[in-house]
Amino acid sequence: MTTQPREAQTAPRPSALARLGSLGPLLGLLALMVVATLLNHDFLTISNLSNVLTRAAFIGIIAVGATFVIISGGIDLSVGSMAALIAGSMILVMNALGPSLGSVAIIAIGMLCALAIGAAAGLLHGTVITRGRIEPFIVTLGTLGIFRSVLTYLSQGGSISLNNDLSDAYSPVFYGQLLGIPIPILVFAAVALLGGLILNRTRYGRYVQATGSNEQVARYAAVNVAQVKVVTYVIQGLCVALATLLYVPRLGSASPSTGLLWELEAIAAVIIGGTALKGGAGRIWGTVVGAILLVTIENVLNLTSIISVYLNAAVQGVVIIIVAFMQRGKRT
Amino acid sequence: MKQLKSLALLSAALLASAALAQTKQVMGVSIPSADHGWTAGIVYWANQTKAELEKMYPGLTVIVKTAKDANEQANQIQDLSAVNKINSLVILPQESAPLTRPVGNLQKKGVFTVVVDRALTDPTAQSAYVAGDNPGLGKVSAEYVGKTLGGKGNIVVLRGIATVIDNQRVDGFEGVLKSKYPDIKILDKQYANWNRDDGFKVMQDYLTRFPKIDAVWAQDDDIAVGVLKAIQQAGRSDIKFVLGGAGMKEMVKKVQDGDPLITADVTYPPTMIRDAMRLTAKSMMTKATMPKSTIIPSVLITKSNAAQYYYPNSPF
Chain U
13 MTTQPREAQT
23 APRPSALARL
33 GSLGPLLGLL
43 ALMVVATLLN
53 HDFLTISNLS
63 NVLTRAAFIG
73 IIAVGATFVI
83 ISGGIDLSVG
93 SMAALIAGSM
103 ILVMNALGPS
113 LGSVAIIAIG
123 MLCALAIGAA
133 AGLLHGTVIT
143 RGRIEPFIVT
153 LGTLGIFRSV
163 LTYLSQGGSI
173 SLNNDLSDAY
183 SPVFYGQLLG
193 IPIPILVFAA
203 VALLGGLILN
213 RTRYGRYVQA
223 TGSNEQVARY
233 AAVNVAQVKV
243 VTYVIQGLCV
253 ALATLLYVPR
263 LGSASPSTGL
273 LWELEAIAAV
283 IIGGTALKGG
293 AGRIWGTVVG
303 AILLVTIENV
313 LNLTSIISVY
323 LNAAVQGVVI
333 IIVAFMQRGK
343 RT
Chain L
-12 MKQLKSLALL
-2 SAALLASAAL
8 AQTKQVMGVS
18 IPSADHGWTA
28 GIVYWANQTK
38 AELEKMYPGL
48 TVIVKTAKDA
58 NEQANQIQDL
68 SAVNKINSLV
78 ILPQESAPLT
88 RPVGNLQKKG
98 VFTVVVDRAL
108 TDPTAQSAYV
118 AGDNPGLGKV
128 SAEYVGKTLG
138 GKGNIVVLRG
148 IATVIDNQRV
158 DGFEGVLKSK
168 YPDIKILDKQ
178 YANWNRDDGF
188 KVMQDYLTRF
198 PKIDAVWAQD
208 DDIAVGVLKA
218 IQQAGRSDIK
228 FVLGGAGMKE
238 MVKKVQDGDP
248 LITADVTYPP
258 TMIRDAMRLT
268 AKSMMTKATM
278 PKSTIIPSVL
288 ITKSNAAQYY
298 YPNSPF
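Residue numbers (the working numbering), protein chains in the order written: chain U, 13 to 344; chain L, -12 to 303.
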């Protein structure tokens, strides 16, 4: 009896600490921005910041999907290969459609194709993982190889390029602006907002967190665990497809090196953002900050030449570990 | 009667030479799988040359194998030796060090080993060596940049992946600039990993950082694709030209069509696999000696000679 009030008293303390710790990624990003500005005054120019955010959009959108998968206790290693395959297939479909259709219709069909392939790939992952009872790590490791080699086959190892006219018609999707803000940034913001809403304000979002924190308990609570998981992979697939819709108009081509190692960047963004790799808890805004942080490190390294270029990856690693260290308070 | 006799003689001679050609020879070709544009070109040319050589030399069988990494390649060449009983091996190693011993072992068994592009760490393991000229690519590029800029200006460099090849190219480039065009300043050099996405990113950051850039040496055509897009997006007009390298067909086409930014290209041709296979086949089938080392020079492609280097059917 005597211990109970003491426990109640001490309880808020770690939570306050945890709250401070949870700001880790944001503090890390701010610190990095200060350093960047000191090193190069061009860092804070609007054009550079918009470059950084536009680049973060690709990984960020994919990472929003990855947040769902990881919170539910899964993992998807195939996202980079999937992006490459979607980009390649989408370009092939658009090139194959006759010019009589008109470029807007062709682009619309291409986009629908991309979303359909992404959703189908997610459905495949989810189904094999839940019905086939195979570890998500194994399933997506398998498809990582499958997707990329199919793309390599389709492209004969070279690159698949969008027809010139279509490329011109499609390029505003990446290079265009709305109210002065590049479209990829707007899409990124919309995906993040929607992801946050689904995760925190819907029943499905709670089921995802429940499944990840304890699958058995969730099952006893009448949560359809298999369905919840399948849907997380479909969300991931759709996010990859969305990112690809923005990627294709940038260079108008896909090659076997497209999306290489994106899976690691996406997972890193999710983890830096404070989502537990073992599942159960996480947050979308953290993932967004994580993605921006990763791209910012690269940008800063390109803007300065103080450190040998051989050590770029080492600097990235150090920053990632420091940010993870800043939020270690959460662990207890 | 005399005519008949000579006809018989002639046919006998023909038969004999046919029998000579019948001495069956098997050539194994082990190359990296098509994982980027240049290796795709290697795969394409290897298969083209297989068809060409088998037609040319009736007794010759050519087996082309692709591998995704050094380990798979080492397994493959073992199989080529044990199962296919190859007499000669043309190999473009994924990596030099791990393949040195397997190739050396094959050579000890009497297989004629020809190494392409990436030399082995122990040169005695290779019977002959055929390669592109990496320092040469850098030198030819530097000559073009220096001359076109009139010996004066600021340039940026986008490198490949941190490897010996990349270092040789960049060293060759900088060597020429230092000795012949000292007034050309390299503002910065960063890795763009021989890929378009990184070319785009690194160039965007260069454009943010440097208000005036006269020219770009992208070192590779894939990187140059990204560089062009970044320049276009930023709407910059200070850059006079972008020089890539390797001879990708899209870039050669741009040179041919007179693109304002892509005024030239420097070859590092995937056709070197064809040259290596031809030389090997010739030496096997006609007992001609093959030179110990064949270096295929890097050539400057300009509008006047671009047509010679444009292969529309190749994937690269």
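To be clear, the hints were calculated from the coordinates, so they are not data collected in a lab.
Since the structure is predicted, the reported quantities are computational estimates derived from the model, not experimental observations.
In this text, a Cβ means the ideal position worked out from N, Cα and C, and glycines have one as well.
Please note that the accuracy of each hint is not assured.
Computed footprint of chain U on chain L, listed as stretches where at least three residues anywhere in the stretch have a Cβ under 8 Å from a Cβ of chain U [claimed, not checked]:
(1) 188 to 202
(2) 240 to 246
Here are the simulated distance ranges between beta carbons [as the list claims (entries may be wrong)]:
(3) L:Ala221 x U:Ile334: 29 to 37 Å
(4) U:Leu42 x L:Ala294: 51 to 59 Å
(5) U:Arg145 x L:Arg265: 28 to 36 Å
(6) L:Gly138 x U:Gly192: 38 to 46 Å
(7) L:Gly162 x U:Leu42: 56 to 64 Å
### Coverage criterion applied to the stretch 240 to 246 of chain L (partner chain U; beta-carbon cut 8 Å; 3 residues)
With 0 residues closer than 8 Å to chain U, the stretch 240 to 246 of chain L misses the three-residue bar; violated.
### Query
Is 28 to 36 Å a correct range for the gap between the Cβ atoms of U:Arg145 and L:Arg265?
54 Å Cβ-Cβ, so the 28 to 36 Å window is violated.
### Query
Taking the CB of L:Ala221 and the CB of U:Ile334, does the distance hold inside 29 to 37 Å?
Holds: the Cβ-Cβ distance is about 32 Å, inside 29 to 37 Å.
### Query
Are L:Gly138 and U:Gly192 spaced within 38 to 46 Å by their CB atoms?
holds, 42 Å
### Task
Given the range 56 to 64 Å, decide if the beta-carbon distance of L:Gly162 to U:Leu42 lies inside it.
Once the Cβ atoms are compared, 44 Å apart, the range 56 to 64 Å for U:Leu42 and L:Gly162 is violated.
### Query
Holds or violated: the stretch 188 to 202 of chain L covered by chain U, criterion of 3 or more residues with Cβ-Cβ distance under 8 Å?
This one holds; 7 residues, not fewer than the three required, reach chain U with a Cβ under 8 Å.
### Query
Holds or violated: 51 to 59 Å for the Cβ distance of U:Leu42 and L:Ala294?
holds, 56 Å
The structure does not agree with the numbered hints 2, 5 and 7 stated previously, though it agrees with the rest.
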